[in-house]
Amino acid sequence: MDANPSERDARLFRYIGRQRAPKENPRFVTGRARFAADVSIPGTKHVALVASPYAHARVKSIRTGAALAVPGCRYVLTGEELCAGTNAFLIGVDAPNVKRYALANGVARYAGEWVAAVVADSRHLAEDAAELVEVEYEPLPFVVDPELSARGAAPLVHPEHGSNVLYRRKFVWGEVERDFAAADHRAELRVDWGRSATVPIETFAVVAQWNAATRLLDIWASIQMPKFPDQVAQALRLPGNAVRVHYDVDVGGSFGVKRGIKHTVLAAYLARKLDCPVRLVEDRLENMRGGDMHGPDRSFDVAVAFNADGVVKSLRIRALDDVGAYAGRSPLQLGKPVGAIVGPYRIGSVEYEPISVMTNKTPQEAVRGFGQAPTNVAIEAAMDRVAAVLKMDRAQLRRINFIRKDEFPYRIPSGSSYDSGDYHAVLDKALAAADIGELLVKRDLIRRRGGLAGIGIATCLEPSGGNSAFEPLFNPKNETTTWMDSCLVRVDLSGSITGVMNTSSSGQAHETLVATVIGEVLERDPDSIRVARADSLCALPSNSPVGSRMAIMLGGAAAGAARKIRQTLIEIAAHNLGLPAQALRYEQGDVIAAGDPGKRLAWAELVEIAHRKFHRMPPGREPGLQAQFVWEVPTGGTLPGADGRVQMYPCYSFEAHVVLVEIDPLVGRPTIRRYVCGHDCGVKINPQVVHGMTYGGIAHGIGAALFEKFAYSDEGQLLAGTFMDYLIPSAQEIPQVEIVDHCTPSPLTTFGQKGSGESGYLGSPAALVSAVNDALAPIGASLRALPMTQKAIWEAIATRTSRHRRESAAA
Amino acid sequence: MSERRYRVTIEVNGVERQAEVPARLTLVDLLRDELGLTGTHVGCEHGVCGACSVMLDGEPVRSCCMFAVQADGSRVTTVEGLEQDAGKLSVLQQAFCDGHGLQCGYCTPGMLIAAQGLLDTTPDPTDAQIRDAIGGNLCRCTGYQQIVDSIKLAVARLDGRSR
Chain A
1 MDANPSERDA
11 RLFRYIGRQR
21 APKENPRFVT
31 GRARFAADVS
41 IPGTKHVALV
51 ASPYAHARVK
61 SIRTGAALAV
71 PGCRYVLTGE
81 ELCAGTNAFL
91 IGVDAPNVKR
101 YALANGVARY
111 AGEWVAAVVA
121 DSRHLAEDAA
131 ELVEVEYEPL
141 PFVVDPELSA
151 RGAAPLVHPE
161 HGSNVLYRRK
171 FVWGEVERDF
181 AAADHRAELR
191 VDWGRSATVP
201 IETFAVVAQW
211 NAATRLLDIW
221 ASIQMPKFPD
231 QVAQALRLPG
241 NAVRVHYDVD
251 VGGSFGVKRG
261 IKHTVLAAYL
271 ARKLDCPVRL
281 VEDRLENMRG
291 GDMHGPDRSF
301 DVAVAFNADG
311 VVKSLRIRAL
321 DDVGAYAGRS
331 PLQLGKPVGA
341 IVGPYRIGSV
351 EYEPISVMTN
361 KTPQEAVRGF
371 GQAPTNVAIE
381 AAMDRVAAVL
391 KMDRAQLRRI
401 NFIRKDEFPY
411 RIPSGSSYDS
421 GDYHAVLDKA
431 LAAADIGELL
441 VKRDLIRRRG
451 GLAGIGIATC
461 LEPSGGNSAF
471 EPLFNPKNET
481 TTWMDSCLVR
491 VDLSGSITGV
501 MNTSSSGQAH
511 ETLVATVIGE
521 VLERDPDSIR
531 VARADSLCAL
541 PSNSPVGSRM
551 AIMLGGAAAG
561 AARKIRQTLI
571 EIAAHNLGLP
581 AQALRYEQGD
591 VIAAGDPGKR
601 LAWAELVEIA
611 HRKFHRMPPG
621 REPGLQAQFV
631 WEVPTGGTLP
641 GADGRVQMYP
651 CYSFEAHVVL
661 VEIDPLVGRP
671 TIRRYVCGHD
681 CGVKINPQVV
691 HGMTYGGIAH
701 GIGAALFEKF
711 AYSDEGQLLA
721 GTFMDYLIPS
731 AQEIPQVEIV
741 DHCTPSPLTT
751 FGQKGSGESG
761 YLGSPAALVS
771 AVNDALAPIG
781 ASLRALPMTQ
791 KAIWEAIATR
801 TSRHRRESAA
811 A
Chain B
1 MSERRYRVTI
11 EVNGVERQAE
21 VPARLTLVDL
31 LRDELGLTGT
41 HVGCEHGVCG
51 ACSVMLDGEP
61 VRSCCMFAVQ
71 ADGSRVTTVE
81 GLEQDAGKLS
91 VLQQAFCDGH
101 GLQCGYCTPG
111 MLIAAQGLLD
121 TTPDPTDAQI
131 RDAIGGNLCR
141 CTGYQQIVDS
151 IKLAVARLDG
161 RSR
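Protein chains in written order, with our numbering: chain A, 1 to 811; chain B, 1 to 163.
No wet-lab data here; the hints were simulated from the structure.
A hint or two may mislead.
[To be verified] In silico contact screen, one side only, chain B against chain A (beta carbon under 10 Å); selected entries:
hint: 1; residue: Leu25
hint: 2; residue: Gly47
hint: 3; residue: Met66
hint: 4; residue: Val69
hint: 5; residue: Gln70
hint: 6; residue: Asp72
hint: 7; residue: Gly73
hint: 8; residue: Leu92
hint: 9; residue: Gly105
hint: 10; residue: Thr108
hint: 11; residue: Thr121
hint: 12; residue: Asp124
hint: 13; residue: Ile134
hint: 14; residue: Arg140
hint: 15; residue: Tyr144
The beta-carbon is built from N, C-alpha and C at its ideal position, and this holds for glycine as well.
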């Protein structure tokens, strides 16, 4: 890898960082993309699901006769049969008795859990038949309150596990006791992050086909899942090479949640059992209720110790997370924030107590940022509290505590090293772009007119280059220390270049990324470079686009492979020109003698030698022109220490949000009047793509902050199973956003790039909490429970107003 | 329990198509499953997300909330019918490509239909009119900004010309 690219170098790239429309776009605007539900194989049968209506119930019997009598109904699969024929899924923490299968195994542990699957000639017929499946349930005691689960005062979700606590540990990094005792001030606060998720517009879809002659299972699925083929094979008791996952399926959004192990295992089991292709497409209710894709549902108790000058000395964070009825990878979402547990601040010690508990709710899945966005809300709310106590400007408080740009690499108390940044510059750029002085005037004008208005400030980190170091941190039996990604580059006889990637994409423009990087290294037009996707049997190792990693990892792998090609071309030329390689220079595919431009070999000649003229190849070189590169995550390769100190993700992007929110005091409705985001993710491979993800992340965070919640009744029933009650913000609620770019290259990556797939989302909820509380402060109200819905804001206003009236009357 | 079927005749993307459909078949299922036009997507099946939007006699409608038999005798345009000629993108489609008015592409066909509906009636829309026109189409990737910008790019390129 090239060392330490500077900002100056970033401007010298030929294709990287330049405006270039993503090469994926034409297929999406013409209806020529292929999503999983578009895969059409003759003879395909369709699945409809039977779900438990109870939060917790024993499945006493399932009668299938009436369903099977429906013409066109082919099969009814019960949990009993499926669980006997498949293995339980792998989970992230050491809790082997928390077993999950694709259908309930005798006991349904949340309302909406699938208990049976019906297969028919069409989806309509399958749904007709599903309504005729007769399930007899015995309702069982249940728990919906995670605090009760944490205290051991609730019915057990998995009695075999012996507790509802999946994971609990208190980490202490540095002299927390001493720092709290010595500080001038201490403050405590509670922050609640409501249960929301990314809720892509495409639900999960899978088509499975089993070939009994070749003993090969073909899968087309809308997945974003590390080690997906291995996990599917494990559950189905198949060798890994009996599962072929087709990564050339377009995925209609994911942002973490499209894991789909259970859907795929179910469809694959049926395809094998019935010897026909089987399609399972969630409808929206199944997706919201039984799709197992809810995000973190987390309460933070935060204590902060600080001095009168604004210097924050120490943090204590207790994070209680409700993962629902099964484990999966969800408890690990408490682990990822360890890598940025003090945010962008020079906080010398920290205590962190993550507690992962189960309740009788839909299971949690990975959501954009893997637990970092809620944690950032807690950290930022604490910083705002410090500023409020000290009556200090919130931006100034942050400046006082920021790690300075000359302090990198900077190791935080929990052991992770931040690679680079200039937090002061980015915040100041954002404040300048927002014209903070003018913004304050606007805010105060609204207030003087009797309105409520607040300015929000949030400065957050985006850890990137996902490496899964939280796996060994949270599970000592797991010794994962690599999270590699790969690329194959081939140049064919015609001289055309193809880059082969090894995973699916869900809107991140990875084909553009690969083509741009290969084009950069080989100095060939990226538009001429095709990017293909290997299926899982042909693929090199990949860990999928999770953890804001692909610009770093796929970009690094593509560059590594392209450099091998370039080196090979130089060596072929050296051999044929009779010159040492050092005497040659590479220029747009041609290789030219440094001092004698007449001595050269053109791209086409070099390619022809590689493919046809072995007699002209340098000795020892393999024929053809192809190279692969498998790259380990920078900084990877070590296990956590006994004290839990760990190098989490390698690269740290930074974002500074400045927002003005006006609240209608009569009805509590918030309106975002101004939104600016300063953003530094190092060198951008494609700025348009990065900006797009940041805009989208901000919108997603606005949803989590103001609108979206998977609410549950006291009976454990999901109250938000449609888009009429789970409110996804539209173009009417999302404002125009201004992004202000800054570039601090990472010293760890090929071109100085950092990740940005989770950008925006990691800071916008914190910024809105800051703004709403600034708006409510003049009336003495506060609100730190997300989502801060119009109703919740109205209640906060009404409570204070009525108390104020009572107090005034009493006086 | 064989379902009674009804003959429908619908002009889809300029071509007359006939089908025998059960009364409960939605228009989107007809387009996708019977006619093979998978560019139109299903997002929520309860009329909120707009991914299934198609033009019905020149106006955007939700094809998930409409039965195929209700479209009998109508003209339907799907995303596949937006191209001017085969392989030649419309100004709006090209603007979405150039402006990166999409990411995963799942909501995109519905967005294009909604935007086309706007441009057909309002050649020079304001930002508020654009946001209003796509206000019934949900997107989880873009935060809508590059969609709005792409529509504005199309408006600028059209500059009053017919679409």
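So, against the hints stated earlier in the document, which numbers end up violated here? 3, 4, 5, 6, 7, 11 and 12
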